[in-house]
Every structure is written in C-alpha cells, then in structure tokens.
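Colleague: Each chain, written out:
2 protein chains.
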Amino acid sequence: MFQSASLPLDLSRTDFDALEPKLRTELLAAQREVIEKKPFSVLVVIAGVDGAGKNDAIARLHEWLDVRYVTCNAYDEETEEERGRPDLWRYWRDLPALGETSIVVSSWYNEPLRCFVQGEIGEAEFERRLARINRFEGLLASENVLVLKFWFSLTPETQKRRLKGLGRKDRARRILAEWADITHAPGAQAAFERAALATSTPAAPWIVIPSDDARARDLALGRCVEMAVRRRLEAAPSDPLALPAVVARIERRSAVEAVDLSSRLSKHRYRTELDRLQGELARLVDRKAFRDRSLVVAFEGNDAAGKGGAIRRVIRPLDPRRYRVHRIAAPTEEEHAHPWLWRFWNRLPRRGHSAIFDRSWYGRVLVERIEGFCSEAEWARAYNEINEFEAELTDAGAIVVKFWLAISRQEQLARFKEREETPYKQFKITDEDWRNRLKWDQYAEAAGDMVDRTSTSFAPWHLVAAEDKRFARVEVLRRLVEQLEAAL
Amino acid sequence: MFQSASLPLDLSRTDFDALEPKLRTELLAAQREVIEKKPFSVLVVIAGVDGAGKNDAIARLHEWLDVRYVTCNAYDEETEEERGRPDLWRYWRDLPALGETSIVVSSWYNEPLRCFVQGEIGEAEFERRLARINRFEGLLASENVLVLKFWFSLTPETQKRRLKGLGRKDRARRILAEWADITHAPGAQAAFERAALATSTPAAPWIVIPSDDARARDLALGRCVEMAVRRRLEAAPSDPLALPAVVARIERRSAVEAVDLSSRLSKHRYRTELDRLQGELARLVDRKAFRDRSLVVAFEGNDAAGKGGAIRRVIRPLDPRRYRVHRIAAPTEEEHAHPWLWRFWNRLPRRGHSAIFDRSWYGRVLVERIEGFCSEAEWARAYNEINEFEAELTDAGAIVVKFWLAISRQEQLARFKEREETPYKQFKITDEDWRNRLKWDQYAEAAGDMVDRTSTSFAPWHLVAAEDKRFARVEVLRRLVEQLEAAL
Chain C
1 MFQSASLPLD
11 LSRTDFDALE
21 PKLRTELLAA
31 QREVIEKKPF
41 SVLVVIAGVD
51 GAGKNDAIAR
61 LHEWLDVRYV
71 TCNAYDEETE
81 EERGRPDLWR
91 YWRDLPALGE
101 TSIVVSSWYN
111 EPLRCFVQGE
121 IGEAEFERRL
131 ARINRFEGLL
141 ASENVLVLKF
151 WFSLTPETQK
161 RRLKGLGRKD
171 RARRILAEWA
181 DITHAPGAQA
191 AFERAALATS
201 TPAAPWIVIP
211 SDDARARDLA
221 LGRCVEMAVR
231 RRLEAAPSDP
241 LALPAVVARI
251 ERRSAVEAVD
261 LSSRLSKHRY
271 RTELDRLQGE
281 LARLVDRKAF
291 RDRSLVVAFE
301 GNDAAGKGGA
311 IRRVIRPLDP
321 RRYRVHRIAA
331 PTEEEHAHPW
341 LWRFWNRLPR
351 RGHSAIFDRS
361 WYGRVLVERI
371 EGFCSEAEWA
381 RAYNEINEFE
391 AELTDAGAIV
401 VKFWLAISRQ
411 EQLARFKERE
421 ETPYKQFKIT
431 DEDWRNRLKW
441 DQYAEAAGDM
451 VDRTSTSFAP
461 WHLVAAEDKR
471 FARVEVLRRL
481 VEQLEAAL
Chain U
1 MFQSASLPLD
11 LSRTDFDALE
21 PKLRTELLAA
31 QREVIEKKPF
41 SVLVVIAGVD
51 GAGKNDAIAR
61 LHEWLDVRYV
71 TCNAYDEETE
81 EERGRPDLWR
91 YWRDLPALGE
101 TSIVVSSWYN
111 EPLRCFVQGE
121 IGEAEFERRL
131 ARINRFEGLL
141 ASENVLVLKF
151 WFSLTPETQK
161 RRLKGLGRKD
171 RARRILAEWA
181 DITHAPGAQA
191 AFERAALATS
201 TPAAPWIVIP
211 SDDARARDLA
221 LGRCVEMAVR
231 RRLEAAPSDP
241 LALPAVVARI
251 ERRSAVEAVD
261 LSSRLSKHRY
271 RTELDRLQGE
281 LARLVDRKAF
291 RDRSLVVAFE
301 GNDAAGKGGA
311 IRRVIRPLDP
321 RRYRVHRIAA
331 PTEEEHAHPW
341 LWRFWNRLPR
351 RGHSAIFDRS
361 WYGRVLVERI
371 EGFCSEAEWA
381 RAYNEINEFE
391 AELTDAGAIV
401 VKFWLAISRQ
411 EQLARFKERE
421 ETPYKQFKIT
431 DEDWRNRLKW
441 DQYAEAAGDM
451 VDRTSTSFAP
461 WHLVAAEDKR
471 FARVEVLRRL
481 VEQLEAAL
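In order, the protein sequence lines correspond to chains C and U.
If you read the first sequence in this note's numbering, its first letter stands for residue 1, the second for the next number, and so on.
If you read the second sequence in this note's numbering, its first letter stands for residue 1, the second for the next number, and so on.
Treat each hint with caution, since some may be false.
Said to hold, decoys possible - Each pair of labels, with its calculated beta carbon distance range:
| no. | chain 1 | residue 1 | chain 2 | residue 2 | range |
| --- | --- | --- | --- | --- | --- |
| 1 | U | Ala330 | C | Glu63 | 33 to 43 angstroms |
| 2 | C | Asp56 | U | Glu335 | 34 to 44 angstroms |
| 3 | C | Glu335 | U | Pro202 | 23 to 33 angstroms |
| 4 | U | Gly279 | C | Glu80 | 51 to 61 angstroms |
As the list claims (entries may be wrong) - Non-contacting residues of chain C with respect to chain U, defined by C-beta distances greater than 10 angstroms in every case (computed):
| no. | residue |
| --- | --- |
| 5 | Arg223 |
| 6 | Arg327 |
| 7 | Gln426 |
| 8 | Trp434 |
Derived from the structure by calculation, the hints contain no laboratory data.
Treat the numbers as computed from the prediction; the structure is a model and nothing was measured.
A virtual CB, placed ideally from N, CA and C, is assigned to each residue, including glycine.
Whole structure, please, built from the sequences with the hints as guidance.
Modeller: Dropping the structure here:
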C-alpha cells in the first residue's frame with residue numbers, strides 16, 4: 001500500500017516560500033470558522049516511523065493555527081492515575097470540545113502495534129483490538145469529532161540514514177527509542193498496513209505523509225488538515241469525508257505514471273524467455289500444491305496497453321478445462337440489481353482452477369469513479385470493500401495477482417492510429433476510447449489512488465511497463481510465475 | 001440480554017384469527033411495493049435454538065408472501081463446489097436481486113457459533129470472525145439490501161420439553177441434531193449474546209422472537225418484517241433502520257413492568273439484614289482483591305422509587321475517601337460540547353475506589369429518547385455504545401452493577417402526594433415529575449428496551465421491586481454483595 005509515498009519529490013525553499021502563505025491563510029480561515037460556528041471538534045492523530053519529524057511537523061501546525069484553541073496531548077507510559085482505569089480513559093478525558101482542535105501523539109494505536117510487532121499478541125487479538133479502536137472512532141465520528149489520522153512515512157533509504165542520526169542523540173529517552181525499535185523492526189510496515197486496512201474507515205481515514213522532505217511534509221499535512229476541515233464545514237453531516245488521496249503530497253504524483261517505460265526486449269530474448277516462463281507456469285499449476293489453491297489474475301491498464309495480448313500469452317500453457325477468461329464490461333441489468341461485487345463473486349474459480357479477468361472489479365474505482373457511474377460515497381468505500389474481498393479470496397487459498405499495464409500518452413496515440421488503419425483491428429477502437437483519452441490525467445490519478453489503497457501484502461499490484469509489448473508480456477509472465485512460486 | 005423474551009405470553013386461537021388477516025394484508029402490500037419499485041432487496045436471516053419452530057415460521061412466511069419473489073436458501077455442509085471457494089461465496093451467489101426476498105436458514109453465523117461453543121476457536125478468533133461478518137453485512141446494507149436477522153428463542157422450560165420431543169424423532173438427520181447439540185449446549189446463550197452484541201448494527205439488527213407459543217411467534221415475525229420493510233420504504237436511504245424493539249412481541253410487555261411488586265420486609269428483618277449486608281459490603285471492598293478492581297453502581301428507576309434512600313444505605317459502610325456519589329442531571333454546556341459519554345468517562349473511579357451514579361448514562365435511552373433531546377438515530381446507536389462502554393470498564397477490572405427500582409403507578413402517586421404535603425420533602429417534587437408521570441407508558445417501554453439490550457453477562461441489570469422501601473434497600477445491598485462476591 002501507499003506506493004506513491006515512496007516516489008521522490010523535491011520541493012525547493014523557494015517553492016515552499018511561495019506555497020506557505022496561501023496555505024496558512026486558508027488553514028487559519030478554516031480553523032476560525034470551526035471556532036466560531038462550533039459544528040465539530042478536530043482530532044489530529046500523529047503517528048509514523050521514528051525519525052520522520054513528527055515533532056517538527058506538530059511545531060509547524062502550532063505556528064500556523066490559532067493556538068488558543070489547540071491542545072497537544074502526548075501519551076507516555078500510563079501514570080498511576082491512568083493505570084487504574086480503562087485503557088481509553090486518558091484519551092476520553094482529553095477529547096477536544098466543539099470548536100477546538102486536539103493533536104494526539106502516541107495514540108491508542110501505539111500499544112496494539114507494539115504488542116503485535118514484538119509478538120506479544122497474535123493476529124486474532126490484534127484484529128480484536130483494532131475492531132475496538134474502530135468502534136471508539138466510529139463513536140467519536142458520530143458525535144461530531146472530525147478524526148484525522150496521519151502516518152509519517154520514510155523511504156527505506158532515508159529511514160536508515162535517520163536512524164543512524166538518532167543513534168547519536170540521547171537514546172536514553174527510553175520510550176522514544178523503543179518506539180524507534182518498533183517502527184523500524186521487521187514486520188512494522190506490514191503491521192501498520194494491516195492496521196490501516198482495518199481502521200481506514202470513511203469516518204476516520206488514515207492519510208500517509210511522505211516525510212523524506214521536511215518542507216513537503218509540513219505543507220502536505222497542513223493542506224490535508226485544511227481540506228478535511230473545509231470539506232466537513234461544507235458537507236452535510238451524513239456525507240463521507242472522502243479525502244481525495246490516501247497519500248498526501250503537495251504535488252500529486254501517481255504511482256502508475258512513475259513507471260519507467262524505457263525497458264525493451266529483443267525478439268530473440270523474447271522467444272527464449274516466453275518459452276521458458278510458459279513452461280514454468282504450466283509446471284506450477286500442475287503441482288499437487290495447486291490442487292488446494294486457485295488463481296485469480298486481474299488485468300487493468302491504459303486503453304491499448306496490450307492486456308489482450310498479455311492474457312493470450314498467459315493462458316497458452318494452461319489446460320482449457322481449468323481456466324476461464326472473463327471480459328468485464330458494463331454490468332447487465334440483473335447484475336445491476338445486486339450488490340456491485342456480486343458479479344465477481346459469481347465468477348470465482350474453484351480449487352485447482354484459474355480465472356483471468358480482462359478488466360475487473362477495479363472498474364469501480366476507475367471508470368465508474370471518473371464517469372460518475374457511482375457516487376463519491378460509493379467509490380470512496382469501494383477501496384475497503386475490494387481489500388476485504390481480496391482478503392476473503394486469499395484466506396480461502398486463492399492466489400490473487402494484479403497487473404497494471406502502463407504506456408505513455410504518445411504510444412497510446414500511435415496504437416490508436418494503427419488500429420484505425422488496420423482493417424482487422426478496427427473493431428478494437430471506438431469513439432469511447434478517444435473520449436477516455438481526453439481524461440488521461442483523471443485516469444492516472446484514479447489509478448494512482450487505486451494502487452496506493454489496494455496494493456496489499458496479500459494481493460500486491462504489479463506495475464508493468466508496456467511501452468514495448470514484448471517486454472510487457474515476458475514481465476507479466478515472470479511476475480506471475482514468481483508470485484505463484486512464492487505462494488505454493 | 002433480551003429479558004422480555006422470557007416473559008409469559010398467551011395468544012389464543014381467537015386472538016390469532018383476529019390479528020392475522022390485517023397483518024397478511026399489510027405484509028403483502030409492503031412486499032408488492034418492494035417488488036414494483038425495486039428500491040432494495042430483503043434478506044431475512046433465520047437463526048435460533050433448535051426446536052423453536054424455525055421451519056414452521058418459514059412455511060408461514062411463504063403462505064403470507066407472494067412466493068414468486070421469495071427464495072429460501074438453506075445451507076448444509078459445504079458441497080464439493082463450495083469447498084473450493086471462499087466461505088462467503090455461497091451466500092454471495094444466492095443474494096436476492098432488487099425487489100426480491102431471500103430467507104436464509106443456517107447462515108454465515110452457524111459456523112463461527114459452532115466453533116466457539118465447541119471450543120474449536122478462542123474469543124479473539126470468534127470476535128475476528130464476527131468483525132468479518134459485520135463488514136459483509138455493512139457492505140450489503142450500503143448496497144440496498146435490507147438485512148433482518150431473527151433469533152428464535154425458547155424459555156429454558158420449553159427448551160427442555162422440546163428437546164425431549166426432538167429426541168424421539170429421527171435424530172439421524174445429523175446436521176439438525178448437531179445444531180441442537182450446539183444451541184442447547186452450556187454457553188450457547190452466552191455465545192449468541194456475544195455475537196448479537198458485536199453484530200447488532202443499525203444497518204443489520206438482531207431481533208429476538210420469543211417462540212414458546214407458535215402463533216405468537218409467527219405473528220411477531222411477520223409484523224416485524226412488515227414494519228421493517230415499511231419503515232425502509234418510507235425512510236431516506238441514510239436513515240437508520242431503528243426498529244422499535246430488540247425483542248419482537250405481538251403485545252409489548254416490558255421487563256420492568258413484569259417485576260413482582262408484592263415483596264415486603266418486616267421492620268425487624270430489615271434491621272438485621274441491613275446490618276449484616278452492610279458489614280458484608282464493608283468487608284468485601286476492604287479485601288485485597290478489591291485493590292485492583294473498582295466498583296461502578298448505577299441507579300435508575302421510576303421517579304420516587306427510592307433511589308436516594310437506597311444509595312444512602314449502600315454508602316454508609318464505605319470509606320468516604322474511596323467513593324463518590326454522582327447525581328446526573330442535564331449536561332452542562334461544556335459537557336454538551338463533547339461526545340455524550342465523555343462526562344461519564346470523566347467520573348470513573350480508579351482502582352480500589354467506587355462511584356455511585358444516581359441516574360446515569362442510561363438517561364440517553366430514557367429521558368433523552370422520550371423527550372426528544374437526542375434524535376432517533378442517536379438513541380438507537382446508544383445501546384451499542386453503552387455496551388461497549390461497560391465492556392471497556394469490566395475489561396479494565398471494574399465491577400459494574402446496575403439497578404432498576406420499580407414501583408407501581410399507584411405507589412408513585414401516593415409518594416408524590418406525600419412529598420407535596422411534607423414540608424421537608426417538598427423540594428423533591430416538581431412540575432416536571434408530574435409531567436413525566438403522564439408519560440408512564442413511554443418510560444416503561446423505553447426501560448424495557450434498555451433492559452433487553454443492555455443486560456449483558458458482564459454488566460447485568462438487577463430489577464428490584466421497590467414498592468416496599470425496606471425490601472428494596474435490603475435487596476439492593478444483597479444483590480450488590482452477591483455480584484461483588486462473585487467478581488472478587
């Protein structure tokens with residue numbers, strides 16, 4: 001998850017100086033409106049890896065906001081006073097009143113995350129605690145508390161560098177050091193991902209703040225708070241919060257647009273690799289271990305990115321009795337009369353079988369989002385619904401492999417033209433394709449959000465450069481074989 | 001929970017014949033409107049103890065409804081086809097389309113309940129599975145499926161009798177017999193209570209059908225389906241379902257009105273018992289085991305039922321440094337600016353201490369519900385919020401004891417008059433008391449719902465007859481001492 005959090009970004013001092021005054025003014029205006037009208041209170045939860053500069057960002061928020069209406073609550077080990085009461089007591093006590101803002105550091109997430117990462121509790125207990133947190137936050141949200149949860153993340157390289165720096169400072173501050181040990185421990189990212197999956201509700205979403213660059217970090221945080229408060233001020237109370245992105249960046253950069261498209265493959269290499277990988281694939285699905293599993297492959301990508309060609313190379317080595325290819329178009333009337341995931345549940349393969357989806361349930365957060373075929377509330381909750389769906393599948397033994405085939409605008413244009421000019425390809429190109437092309441940026445943004453929110457450890461997205469068809473086909477097979485091998 | 005499900009009820013053949021035609025007409029009219037307008041589909045989940053007549057009730061529903069738009073899906077052991085797919089696949093496949101109704105027997109609850117009752121899974125895993133069910137049902141609810149879940153219950157006596165009867169029939173129908181073993185197993189009621197607590201959401205509530213009497217059972221089921229469909233047809237999509245009661249009875253009978261008020265105590269017995277029990281209480285809170293626990297006592301009841309007098313007898317033996325009495329009135333402005341439970345969280349006692357609440361957080365579902373100080377959506381979700389709150393308390397070592405002091409209408413009148421006539425008691429009676437008295441029936445209904453929904457195994461309600469003050473005071477102390485003793 002949160003792929004785009006790792007994309008590089010550089011914000012110069014000059015950029016920052018240009019952006020900051022506007023943000024400050026708007027942030028303060030939003031806060032003033034909350035103070036005066038008192039429609040809700042604001043609870044900002046700050047979490048994330050140690051060394052990401054959480055304290056600096058909080059100091060910046062204090063600089064930007066009217067501090068008379070802001071309190072910052074940091075929680076250390078429980079005091080004698082607190083130990084005698086339920087776990088959540090100290091957080092309840094410190095809740096902001098209507099119109100006020102409270103910033104919470106080391107919140108109710110710390111203890112469950114620590115216990116899980118350090119192996120003190122198992123998966124079921126971890127999920128039970130997360131469910132309890134969900135109920136707590138759900139109660140707050142229905143009682144007019146705007147709950148915003150930020151996770152400050154670092155790329156692995158920066159993380160390493162910062163941790164070294166930390167080591168030089170006073171490591172006697174036990175709690176901080178311990179939290180560093182936890183957030184940098186193996187499995188910490190997976191644990192947070194799990195927590196974010198379970199507790200990113202429309203009522204209280206998690207937002208990732210890429211924190212490699214301090215200035216970009218603070219701007220993203222401030223802008224995100226401002227936008228959330230503004231949206232909530234203008235929305236009806238029952239509207240979902242529906243923040244645009246799960247990763248807050250000052251410049252939106254979509255993970256699918258960051259794919260390096262330069263990879264190429266010679267005809268000769270292509271032949272050899274294709275043969276080898278198709279053989280591998282045939283052997284894998286023939287293994288005894290696969291009889292208790294199933295394979296679900298989803299293909300998405302830009303129009304004309306070569307999904308069909310890639311699918312043909314994948315199915316060639318498979319036994320036709322044991323796979324089905326499903327081309328997903330607009331739902332039929334009957335399908336429309338059911339919950340939207342129903343048509344995909346009905347196409348699931350049984351054990352030992354495979355299903356290949358040419359376009360998939362991701363249409364909900366791509367075409368349906370962009371064309372307005374469903375409401376914002378509907379696609380905003382679809383990310384969670386999809387993650388749940390894929391969790392059900394993998395829990396039942398399915399191996400879920402997802403491909404995004406990426407091409408450039410220019411390459412798409414060339415392929416469209418070629419299709420129009422080649423008689424036997426003309427059926428492949430319609431007016432709709434041309435219309436979609438005009439919405440290229442919207443699709444890129446939606447695809448980026450999709451990858452950020454639904455690339456999980458149990459069902460990862462594979463972003464494949466498809467500018468060169470040969471490279472794409474071999475790459476798809478290679479990744480499929482790898483994921484299958486790891487799973488079996 | 002569900003106390004009023006055990007109250008006796010007799011519906012004669014004549015009563016049934018009088019009520020049935022009207023219900024049939026209205027039920028069919030509601031179904032027809034759903035069929036024609038197709039605003040949602042209806043999913044009726046039938047569960048409950050074996051021998052309660054689930055099949056007979058389903059047959060009756062088929063008799064009353066337009067069966068062309070009703071399917072009944074019963075699930076046995078998974079077939080070869082089903083085993084290869086995720087657990088929820090078979091339920092997804094059979095979902096009703098818009099306008100249609102599906103009745104589900106042995107649903108997605110069976111397996112988790114069975115595993116938990118038979119000890120195959122622990123508490124954390126059980127809660128994890130319930131959380132998953134919640135997400136599934138939440139998805140259905142947001143996709144226009146009206147989910148109604150009925151639990152058919154029997155009083156212990158009838159249960160025993162029916163089970164014997166079952167034994168005589170063909171017990172070779174393995175599944176049925178096994179389910180009987182499960183629902184009649186020790187711990188089954190507690191397991192269902194737990195499941196109902198975790199999965200009774202406003203989107204998909206559990207409704208208990210008392211099933212001792214077959215005719216009353218069918219009428220209650222039919223009426224409940226009719227009401228839910230009718231409300232949903234008339235409500236905005238975002239309105240909560242807010243069914244009036246968690247126990248569906250043809251004649252509403254409130255658990256608090258069923259308290260036997262005839263108990264009396266002589267002056268002499270009163271003195272001896274009071275002394276003995278106050279001594280017991282003093283010893284209990286002085287025990288070493290209490291140092292790690294705390295005591296939270298809530299008093300509710302009819303006006304003039306004698307809460308103050310009972311509280312004075314409870315606190316007499318306690319060390320004044322270690323208890324606080326909180327009289328709960330309307331929230332202050334500051335309290336009003338916080339989530340409604342905030343003021344109670346702030347009054348929690350720490351370890352080794354006690355807090356006595358003269359009126360409590362239950363005001364939310366009593367006076368606030370009746371006087372309209374909060375919306376229907378707010379009090380409808382308050383039951384769950386209260387159960388969660390009390391679960392937090394007990395998990396943290398608090399012992400939560402709740403008393404409802406019940407008097408009759410006549411006795412209240414006599415006490416009101418006495419208060420008006422006794423100069424030093426006049427402050428105790430206000431115009432508001434007289435106004436509340438006019439709403440006696442509404443309070444009785446609200447109190448009944450409250451007991452049905454919030455009397456849990458970890459924080460049970462004690463319904464105490466308070467017609468005789470001496471009896472009430474001794475009974476309060478006796479139950480308090482008993483619950484403390486059991487807990488320590």
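Colleague: Output the indices of the hints that this structure fails to meet, ascending.
Modeller: Number 4 only.
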